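K.L.:
Knowing the structure of chain A, use the given hints to seat chain B on it.
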Amino acid sequence: MTKVFVPMDSAALSMGANEVAQAISDQATKSGLDVTVVRNGSRGMLWLEPLVEVETEAGRVGYANVTADQISDLIAAGFLSGSSHDSCLGLVEELDFLKNQTRITFARVGVIDPLSLADYEAHGGLKGLRNAISMSP
Amino acid sequence: MSNFSEESILNYLGPYKGDGSAVLRSLQLVQELLGYVPDSALDIIAKNSNVSRAEVYGVFTFYSDFRSTPPAKAVVKVCVAEACQASGSASLISELHDRGYDIHKGNIKDDIQMEQTFCLGNCALGPAAMVNGAPIGRATCEKIFVAASAVTA
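Chains as they are written, first to last, in the numbering used here: chain A, 1 to 137; chain B, 138 to 290.
This is chain B alone, in the form it adopts within the complex:
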């Protein structure tokens, strides 16, 4: 995952060469390719899109979904927005905390990282969570760990 060359990234971004409006898409593509956006990729995207590094950095830091460090094997997102709070996410979050995961800090333990997120759109089936992109409705500590250990195994 951390093995990348400027050439491989440029290849991947090929269709967007010189397209200043494709900064967001380029960041998404790099994160798709590497799992995160390394600092050096910001320069590569800036060069490829023909915009300043500052502009790329601005977009990169605006969206909390982008990460600057490699992700854990399992990335769990737990919704902390209102509808999920109303359906009991607070007790879920404190249970996760007891198991060694502070979703507000996003620490990694046993190849699992748990992060807070604001609304996954699955409000009717809250508390909502997501494990490596797969949605979990009526999330419980149990369900989350079953799904997370399935991808870390």
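Same shape as in the complex, but just chain A:
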């Protein structure tokens, strides 16, 4: 299963992120590809929106300013395995904008689906609560 991230914050929506997410699901169904589209938040690099990310073994590979009508080309070019393309940025975490930041309260912004408790937990969420529950009064 391939995980594809398409942001759903207002900035991304204003650049057609919903249409992009729909196009990815449609194309995947049509071609019988096992793809899960996750609607994350924006990483904050609004000028790259919609910034579509594909989960690969090496990390999340980003594609900038993706439009819905590019999706079939991107799939043909193998973007679901993170292959290169004109719009490919490489590993998103390695971009200067993110590499030079230390995010604390914003650590999970743009990384997960903000409404997924499982994603939250997988990224260290609920640790404090669990610890508190295990303590004696």
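Misleading hints may appear alongside valid ones.
Simulated restraints on C-beta separations [what the hints assert, rightly or not]:
{"no.": "1", "chain 1": "A", "residue 1": "Ser-72", "chain 2": "B", "residue 2": "Gly-237", "range": "33 to 41 Å"}
{"no.": "2", "chain 1": "B", "residue 1": "Asp-156", "chain 2": "A", "residue 2": "Ala-122", "range": "38 to 46 Å"}
{"no.": "3", "chain 1": "A", "residue 1": "Ala-76", "chain 2": "B", "residue 2": "Asn-269", "range": "33 to 41 Å"}
{"no.": "4", "chain 1": "B", "residue 1": "Ser-205", "chain 2": "A", "residue 2": "Asp-26", "range": "53 to 61 Å"}
{"no.": "5", "chain 1": "A", "residue 1": "Asp-113", "chain 2": "B", "residue 2": "Val-196", "range": "55 to 63 Å"}
{"no.": "6", "chain 1": "A", "residue 1": "Ala-122", "chain 2": "B", "residue 2": "Cys-256", "range": "31 to 39 Å"}
{"no.": "7", "chain 1": "A", "residue 1": "Leu-126", "chain 2": "B", "residue 2": "Gly-258", "range": "27 to 35 Å"}
{"no.": "8", "chain 1": "B", "residue 1": "Cys-256", "chain 2": "A", "residue 2": "Leu-115", "range": "23 to 31 Å"}
{"no.": "9", "chain 1": "A", "residue 1": "Ala-132", "chain 2": "B", "residue 2": "Tyr-173", "range": "44 to 52 Å"}
Since the hints were made in silico from the structure, they are not lab data. Here the structure is a predicted model, which is why all the values come from computation and not from measurement. For each residue, glycine too, the CB sits at the ideal point set by N, CA and C.
P.N.:
The following block gives chain B in isolation, referenced to the frame of chain A:
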């Protein structure tokens, strides 16, 4: 949209009966329900919230987002604030003007109304616009009309 009764509005405002602090929320609810706030709704809200009509009128006229007449099928808001001016909203606005829309006057043409607004918060992707609540980044005349005709069709 223009079909409403005092009863239907009162039903809608039920949770806020007697709550004088809920005038703003009540106005929002009426606009959500009818698309605008008719003059008679001001009396209904005043009665329901147990405040004077003058107080409701004051809140109603303070926020330019509230309208007293029914909206066009497509309501386009175009940002005229500084960040969007810096990213070229002036030429967009004059293009819209050439197509028969004066966003400063907010005239309606072909079921489309274009209005000015001050900052939609999408400054990084200016010029910013909004069509019936859906945001449009790096707005162009073309993008705006495509989105507007999709809702008027």
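K.L.:
A separate judgement is required for each hint: does it hold in the structure or not?
P.N.:
Verification of the supplied hints:
1. A hinted range of 33 to 41 Å holds for the C-beta pair A/Ser-72 and B/Gly-237, which are about 37 Å apart.
2. Remark: the range hint 38 to 46 Å for B/Asp-156 to A/Ala-122 is upheld by a beta-carbon distance near 42 Å.
3. At about 35 Å, the beta-carbon gap between A/Ala-76 and B/Asn-269 stays in the expected band of 33 to 41 Å.
4. Restraint check, B/Ser-205 to A/Asp-26: a C-beta distance of roughly 43 Å breaks the suggested window 53 to 61 Å.
5. Here the CB-CB span from A/Asp-113 to B/Val-196 is close to 37 Å, at odds with the stated 55 to 63 Å.
6. Under the hint 31 to 39 Å, the C-beta atoms of A/Ala-122 and B/Cys-256, about 36 Å apart, fit the expected range.
7. A C-beta distance of roughly 31 Å is found between A/Leu-126 and B/Gly-258, which places it inside the suggested range of 27 to 35 Å.
8. At about 27 Å, the beta-carbon gap between B/Cys-256 and A/Leu-115 stays in the expected band of 23 to 31 Å.
9. The hinted window of 44 to 52 Å between A/Ala-132 and B/Tyr-173 holds, with their beta carbons roughly 50 Å apart.
Taken one by one, the earlier hints fail for this structure at numbers 4 and 5, listed in ascending order.
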